Structures are given as C-alpha cells and as structure tokens.
Amino acid sequence: MTTTSVSNTAKENPLLAQLGQQSVDFATQLNKLRYIYALYGLLDGLSISYSMFKQAFDLWLKNSSSSADVMHEWLLTPEGIAIAISITTTTMLFSLFANYWTDDNKNDFKSFVAQAWPYLRDTSKGLKNAYKGFRSTIQVADLLGYGNLNHLIIPVGLALGILSAINRIWYRYHKEIRKKMMDTHKGLLKSLRENKGELTWEAIAAYRSQIQSQSLGIRRAMMLSAAYGGIVDGLYLYIGVLTLCSLSPPMLTALTVFCAIYFATCIISRVYEEYNYQCTLTISQAKIELVLRGKELELQFLELSKLAEEIATLNSTDPLKLKRQLELAGNLDFLRSRFEEQWQYLRGISTLSYTSAFLAGMKNGLAAYGALASAMFAVATILTLASTAFPPVLLIVSVSLGLALLIGFIVESLINAHRYKQKITEDEINKPHDAELNKLLQDIKSKKARAEELSIETVRTSIPDDIKGTPQFAFTDFWEIVRSVWSGAGKGSKAVSFMMNGLQERDEHTGHYHDAPIMLGFTIASVLIHSVILGGRAWARGFGRDRPGEEGQAAGLSTAPDTVAAAVGGRPSGPGDSTQSGKPTTSFSGESDATIRHSSDSQDSAQSALHHLTPDSPNSFQSSTSSSMHNSDIHGESIELNQSSESSNEPSIRTSARIFSSGITSLFFGKTAPKKTRSQDDLKSAAKLVPPQIRSQSAENLQTLNQAPSFF
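Residue 88 in our numbering is what sits at position 88 of the sequence shown, and the numbering runs on without skipping anything.
Treat the hints with care, as some may be off.
Claimed, not checked - With a cut-off of at most 25 Å between alpha-carbon atoms, the simulated BS3-like pairs for lysine-lysine come out as follows:
id : residue 1 : residue 2
1  : 196       : 106
2  : 196       : 32
3  : 186       : 106
4  : 186       : 32
5  : 306       : 196
These are computed hints drawn from the structure, not numbers from a lab.
Just so it is clear, the structure is predicted and the values come from calculations on it, not from any experiment.
Construct the complete structure from the given sequences, taking the supplied hints into account.
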C-alpha cells in the first residue's frame, strides 16, 4: 500500500485510511528490522528438512503410508537420530542466516550465504513438487479408470523433479540479473529527476547508454520456463487435492473438471506473470527515455529562445544566424515529435487493456483459491496426524467456491479497467502539457518570450516526465498473507510430529503411527507460532518494502494520482484501447502535429500504444521487457520460484500485457513492423536538421532495445 493510495483512500474513508497507513508502517518496521525473516528462516529450514526426509523414504518405498511408518521407526534408531539432528540443525541455521542477511551485504561470506540459499531451496522444492505432482496425477488417473501406472511414479517423477530443479535455478539466475537492471534503472531515473541543472548532449548520451535490457532469446526462454513451472506446480497444487478423500465417480469426475480448469489457469497465469514483469522492465526503460527526450527538448527550447532574442535585440540579418534559427526550429519540431511519440508509447504500455485485465483477474482469483486450498490442506494435515478421515463435503465446497472466486475476480478486474479507461480517455483529450508546450512555442515564434524569462524551470514544468497507470489493489499480496497463515498451520503440525516423533502412538486398527494426546498442546502452540511468523513475513514482504524499479513505492493499493507525477503501476493496452485524443497540437512552424498521434482506426489499433519510428529513422526506440513470477504455494510449503522481489510481483508497479495471445505469437514467431505513416516521413525529413550529437548518441544502445517484438 503506497502513500499515494493511503491519501486517496482517506478522502473516502478516514478510518480505513488510518488503519491502512498503520498496516504499512508496521510492515515497513518488520521489513527494516528483519527479525521476522530470521524466524521464518528457522521454521522454513525445519520444514525443508522434514520434506527431504519424507521424500527420500517415498522414493525408497512406493507406498507413502508405509514409508511414513518406516521413517518413524528409523528416526528412533541412534543413527537416524544423529543424521536427523545434524542435517536439520545445519539446514535451519543456514536458512536462518540466509533469510536475515541480504545479498548486498558488504561482508562477502554473508552475501554468499544470502545468495546461495535460494538456489538450494529451489532444488529441494523443485524435486518435491514435480515428484508429488506427478504422483498425484497418476493416482487420479487410476481413480478415473485409466489404469494402474504406479510403476512410472519413481522414474518419471524423479526425472521431472531434476528438470524442475534445474529450471528453477536457471530462472532464478536470470531473475536476479533482471532485478539488478531494475535497480539500475531506478537509480538512473532518480538521478535524472533530481538534476535541476541543464544536461549537455554528451551527458544525455551517457545516461541513455546505461539503459539495460535482456535479449529476446532470454525472454523467450524465461517464458517457456514459466510455462513449465506452471505445469509442475499446477499438478502439485491443483490436481493433488483430489487425493485427499474418497469420492463417488460422478463427483470425482465433476471435481476433476474443476481442477483441470485450475491447472490450465495456473499455466496461463504463470506465463502472464512472466510477460507482465517483462513489461515492468520495458516501462522502466521507457520512463528513462521519456525523461531524456524531455531534457533534449529543454536544451533546444533554451538555445532557440536565446538565439531568437539575440536576433530580435540586435535586429540582425546575419544569414548564418537566420539559417541556424531555422535549423533549431526544425530540431525542435523533430524533438517535440520524438517526445510525443515516447509519451504516447509509455501511455500505451501503462494502461490496462481488457485482455490483460481478464488475465489479471484470473491471476487474482487463482491466488484467492490458493489461500482457500491452503486452509484445506492445513485441515487435511491435522486430520491425518490425528488419524481422522477428511470430510468429502469440505473438498467439494472448497473446489466449487474456488471457481466462484475465479469468476468474481475476473469480473472485478474488467470493471476496474473499464472505469479507468473512461477516465484516461478524458485525460488524453485534455492533456495539460500540450497546451503549455504550445504556448511556449507560440511565445518563441512571436518573440514574446525573452531569454531571461524562459528559465530552465519554466521549460521543465511544461514537459511531463511520467505517466500514471491503471490502479490495481494488491490482491495477491493480501491473499499471500492468508495463504501463509494457513500454510503455517500445516507446517506447525508437521513440525511437532517430526520433532516429537518418539511420542507418536501406533493405531490399533490401521497400524499406522499418529500423534499422541499429550502432543496436542504442543501442536496448538506450534500451529500458532508458525501461522504468526509466516503471516508476518508475508506481510513484511508484501507491504513493507520497496520493489526494484519503483521510486519508493511499497506494494499494496496502487491508486494513481490525478496529475501526471508518479506512475504507481499500469498495464499495457491492447487492441481497441487507443489512447488517441485526436486533438491536433501546434508545431513551431504552425503546422498541425496531429500526424504524430497514434491512429485510432481499427486497422492500426493493435499498434496504437506502440507507434515506433520506422526502423531507418534516427533514434527509433522500442523497449524490451523482463520479469519474475509470484509465489502460489497452497500445499503448506512455500513455492518460492515465483515469489520475486521484483515489482510481482504484485508490485505497486503492476504492468501487464496489452495483447496476451497475439503477444505470445509475436514473441515466438517474429515481430510485425509498425505501419509506415506520413508523420514518419515528415520526421525523417526533419531529422536531417538534427545535430549529429542527437543522431549518433544512442544508436548502439537503441539497436539493442529494438530487438523487442512489436507487442512490447
């Protein structure tokens, strides 16, 4: 929840705003102290240790129920106790320090521990999730009458687990690279906006050369990695619920259809999140480019004004000065066109389309069902340890309610996007910076603006350097807290069973071990401790820290301000989402600038938010994208692959795809060149007047950025 959002919420509900601000302040304090992360690391290390032992025995013995009994008896032997204590203690301490220390710590050892632990954790989670997901799928197939394929569980499950671990490690590596790029862009943007003096052409070129991007090949590979992660985790999270209890054939078939929907939604959401966060990097690049083009306008405005004042004062007819004035006028027209193009481009990728609103709602609905299913798994874990059957009605209600949540959040997201789109259309028609820039141009043209009156601040205040995006509530951050609390309940009960293994009793009827009555008090205490710590950690991560690429914004309720001042998050727009105002502006030469606007007819609507210069135009700019995915574990053990410290995640900067389906097609099968318009020919003619510094300062860097597909 951002400061902006809290101030806007105060207008509607002061009490809610006060509670929201207190929540953010508390989360910020938790994040700053980092003790909650240390406690989480301790408990997470314990949970991972238990999972590793359990999976080892599952691979040894195909029957999971008998493997649990064999593991229980082994943990009572001297060698079992020694191995369990040594491995568990080491893992817990490693996890504790890795979560408390940061990867940018000046101490090399501490930094190494903080950076190495996520990869080790990903390895463990990748092996476990893939194996259990495939095992659950085979079990469900057997229940549906597709035959007994249990002989495939170990070889195929183990192979998928190894592949999943490699996939997670590879993805995290490139995610960290992208996060550093976002931090670099954040620093560049802050430096540019804090610079109150005039930048030289060389300084602008130096800033532009620092814009970073990931290659198209890496972005494609990360998209495939996200899809594979969605398949593995979808099997583990959404198919596994069908094995919790016995169901009648008709009910099993119906719930299988529901779970198949969740499985497909999981894959789509993972790919969407990856594409979404790739767009986050694109927006950070576009913001820097917008500011730089604004700086170029500032320089040209002042130079032209001074020359016009000099000619007017001296009543000069020097042909060289008059020629230079004409050149500056042409330069100003060209730079103005480039600035407007970049402004429109940033507007386009910061506005939520109906397609991406649908996908965003799908992701939020899946997160809500994740929290619900996490509660269901926690109850199932506790009932299993107490040797009590899981009630089928609870499974039926939970799975059915999940579908209702999915539909509800999709509708909410579409309504929110529609309301904002209506508002943004009005803002586009009445852009204040157009009027201010036009007035400056007319004043210079009519020699009403004297050089001493046209200060750098006068020009700067007339040139916007940011664009607000579609506001979105951080649903995923909120549901992550709920999920973590219930996940803590499941982990808490498992922790007691693991640590107090010797107190378990054998059931007289089934022959399996279960918790003894004396363990009940410890279980309740452990459940409470785990729930508080895991929930607090999710709170601190979701609402208490800044994200890479954000300008001091913490995750939460993102409500864009009324002025074009700080983009707190948006989504790329899609076909038919043209932000074209259709209102012409006046150039220095008095001609209409309507040709630099984006076309709003149906043929060009898919490109209306992009509108690049032609490839041979000087300084054509297309940005690339990057990202990460979010946590979506609902099985009591966190799936950290997708829980990114980048924007997410559910970032306050929440960018998304303008056109998802056509975008993916463009990504993998090539880009479509933007339609050539008359304005581009005009710009190419004007470009001949631009000084060599402008034409050559960023050719190499912009060529790298131009590798992005057209839908970016």
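Hint check:
Proposed proximity of residue 196 and residue 106 is contradicted: the alpha carbons are some 32 Å apart, above 25 Å. Note on residue 196 and residue 32: the hinted pairing is violated, with a Cα-Cα distance of about 31 Å set against a maximum of 25 Å. Between the alpha carbons of residue 186 and residue 106 the distance comes to roughly 21 Å, so the proposed pair stays at or under 25 Å and holds. Straight-line distance between C-alpha atoms of residue 186 and residue 32 comes to about 20 Å, which keeps the hinted pair within the 25 Å bound.
Taking the CA atoms of residue 306 and residue 196, the gap is near 19 Å; set against the 25 Å cutoff, the hint holds.
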